[in-house]
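Enquirer: Given these sequences and hints, build the entire structure.
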Amino acid sequence: MGLFILRRVGVMLLTALCLTFIVFWLTNLYPNLEKLAKTQGNFRMSDEAVTSYLTNRGYQQALPVKYGQWLGVLPGYVIEGSDGEVRSRCEEGKTFCGVIQGDWGFSTVFKDNVSTIVSTRLGATGKLMFWVMMVMVPGALLIGVLAGMREGSGTDRTLSTASIVSTATPEYVSGVILIAVLGTKVIIDWDTIPFKGSATSAIDDANFENFFLPVITIALYGMGYIARMTRASMTEVMTAQYIRTARLKGVSFPKIVIRHALRNALIAPFTVIMLQFPWLLNGVVIVETLFNYKGFGWTLVEAARNNDIELLLGVSIVSVFVVLVTQLISDIGYVFLNPRIRIS
Amino acid sequence: MTTDTSYDGPILEIDKLSISFFTRLREIPAVMDFSAKIMPGEALGVVGESGCGKSTVALGVMQDLGVNGRIVGGSIKFKGREMNTMTPEELRDIRGSQIAMIYQEPMASLNPAMRIGKQLAEVPMIHEGISESEAMKRALEVVTDVKLPDPARILKSFPHQLSGGQQQRIVIAMALMSKPSLLILDEPTTALDVTVEAAVVELVKDLGKKYGTSMLFISHNLGLVLETCDRICVMYSGEAVERGSIEDVFDEMQHPYTQALFRSIPLPGADKNARPLIAIPGNFPLPHERPSGCNFGPRCDYFEAGRCDAQVIPMEKVTGNDRHESRCLRFSEIDWNAPPQVAETKEKAPPGQVVLKMDNLKKYYEVAANALFGGGGEKKVVKANETLSFEARESETLAIVGESGCGKSTFAKVLMGLETATEGEILLDNKSIGNIPIEQRDTKTVADVQMVFQNPFDTLNPSMTVGRQIMRALEIFKVGNNDAERRQRMLELLDLVKLPRAFADRMPRQLSGGQKQRVGIARAFAGDARIVVADEPVSALDVSVQAAVTDLLMEIQREHKTTLLFISHDLSIVRYLSDRVMVMYLGHVVELGTTDQVFAPPYHPYTEALLSAVPIADTSVKKKHIVLEGDIPSAMNPPTGCPFQTRCRWKDQVAGGLCEKEVPVTRTLAEGHQVKCHLTDAQMAEMEPVIEIAAE
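For the record, the sequence lines run as chains P and B.
Heads up: the first sequence at position 326 corresponds to 326 in the working numbering, and the numbers run straight through without jumps.
So the mapping is simple: the working numbering equals the position in the second sequence, first residue as 1, plus 1000.
Incorrect hints may appear among the rest.
Stated by the list, open to error - Calculated lysine to aspartate or glutamate pairs in the EDC-like style (CA-CA distance at most 16 Å, straight line):
1) P:38 x P:48
2) P:255 x B:1579
3) P:255 x B:1089
4) B:1478 x B:1442
Rather than coming from a laboratory, the hints here were simulated on the basis of the structure.
Expert: Printed below as a string of structure tokens:
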């Protein structure tokens, strides 16, 4: 088991390296850098001025060298610029300063350290994700199991239709509809509007009123998907021979579902649930922007819009790790659910 | 036996039961007018071919027919109580506690994500409301009762950690947890090896006696029913055609189908020339295509037009016998003792020169201990074949016999070129082919060595017509210059396997199992194969079809002088058709000789046990009873010394524990008869025949 985790961590690091390199390469394409120079310096810069600006700040070094410096495995540059000023990547006294050393760079938009921004924003998004999971997973499993235990029944058809509708509605549609219906007086003339259409205040003080709509918007989308998977796996399990064995042992129907079918039926959707984490990150970008909730997704959008290279890199590296860690957890959890898989 | 201990009427009384399945198109009657009665302690066997409705009867008794099935008539009384009108609660109360069921596939019948102990303990916890610790104690007792080693460990394991035989014992244990008064066994041993089957059957019989349980035993194997049951009911196409006591039905059968069934199975006691297999002509009717009148009419030798197809045939009592009934209008007119009409006896071509020679063939596999997640772990060597040496001649049938894991399939793979030999040689016409994988063999060699597979259902491409598939084989073997020629040849091949030429344009799904196997045979002979490996070619087929396919194989062999390597675990059929027999165990050839030599003493102890394990459907045959303890050891971890020593009953007769130390050398007992055993010649000579035909 230990060896298995070690192996997976190794693979994870390798994946992270490759992915960040791709992001690094894309953000460091010349037109991007030119834009950076112009926004940071002066919009009417001549081409020569842009070149010297970039050269002085180390942007004109070879890509692998720059990547190595950002990573912290190559010594940071010290360049005596064409204007006579000596600039170095690192603070005085340090030769290595990169992601590994904890030096994630400086955000040009928020004028703050990338690491500080990423950690606070990730915390905010973590709060959102937690509540989404709390609503989505039990809800989806319940719907899936109820629908799947008697295939073709009225309950099954109703719940299946509902889950297809919910999963077929993207967040930017359901979000807008939910805000219009529950967050304004446009559709229903509320005496008091039940929910707030903006979640900005939820960063410091999340309550039912300001947090319900973003949570339910993300949850609805994933819920239908997981419920469909659970239903499929449940219907299959319910026709298995060991369910017949249990039935002919005299086990009552509720006990068949809970004791005999549930664990077997959860094996397949478990992976799907864990795969939802990356999807959640995706949905988070839209929903946070829609509800103006200043979390991780919102930061990503801001960073991309403002060509904030360092922040963009920081955000992508964290995303990569979130995805890979959940997959590791899902593999380990799978072993516990399915006794036929044993890692020795 | 929670209630009604005083009840002494029949345990189960089925009266004129009819069950139908309803599809969108039509109602499909699965069981019609079925009656049976089981007295306390009695065992009733229900036999019939697949699709005859025998499993439906079992599920009908359990009232578990699924969404589409419904009981449309008749009654099922359990201890005098009508089951058809019971509420779900009442049914649940009876299921598991009073009626328990044992299923065909033990692996699928056990919950894979639940420990054995919990699954067992559940039964008394539900029905008797006892505590979990008490139920566990009971589980431990019952697991000990079904003779499983180390019961405490087994209770803590998951189903996949047990072997097939052990799983079936667990299913039996589960059925016995609440001491039911009726046990329904639905083909309980079909998935198991013969020696394991024999042990399981023995166990069921003993436990039945010990607990006084009545049994409903469903099987397609007449021999098994003879061994386990008191009474028998023969079913054909949804109807019971004959029922009575075992002796009456086996010795004085009164229905043409029963007779035809007995004539189509090989009995090891009988001589193949005096009593050849007679296949039942035609095919089993589909439920919605049943003929009017007698269902068996179109296939019956005694059919009388205008009478047998004119009316519904009722069950009639056979006078003179106890509760013996037959569904035949003419049973009193037929001379049941008339010998079967024997078609002209065909002379077998004498074996020609040696075509195939195995010389010290070895095949080892290397298996990483944890292949799934890589990891260190030392590599294990599985010795699938250990020094195989034999010769096979032209137009000879060599049978290879052994249980699963004995290496017979590995040997076939090496011969076919799907694997290459680790050591040793395979000589085909003195040309070594053992190390040439199939991709590198020339067309001639590939066409010469062909295979007929076990399961005809999986080996045909479902989306290609039958003719196209045979023509594809012809293309590969480079037979014929153009499509027209190949088409002609393909039609000839269909003639050869006695299929109508119109079948060329059919899809495999339109064919029955026997017909598919014929297509498989046609494909194997497409390139005029000289050596055909038949890997259990008939074991997936129904008995009545088996005889026809077996005969076909032998006929083609006679015409083409083919060398047939017949892989099987069914000793009856092996005795019927083979010239020489090779018995394998854990990769070793333990005995090799002519059919007569192998089937008569002196035996190798394993051959002796195998012979004893085969159920024989003949009341006049007396068998010595040898039950092998335990399972076949894993090839990953074979026992030291003789591979068979862990289960051998002769082991203590060999001095000095030699069996545990050394692998015996192969020695020759008689001309062409080899045995791999430590027993001395004198001890060998003392062996008695396992199968004896009682004097009549």
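Enquirer: Flag every earlier hint the structure violates by its number, smallest first.
Expert: Number 2 - this is the single hint that the structure violates.
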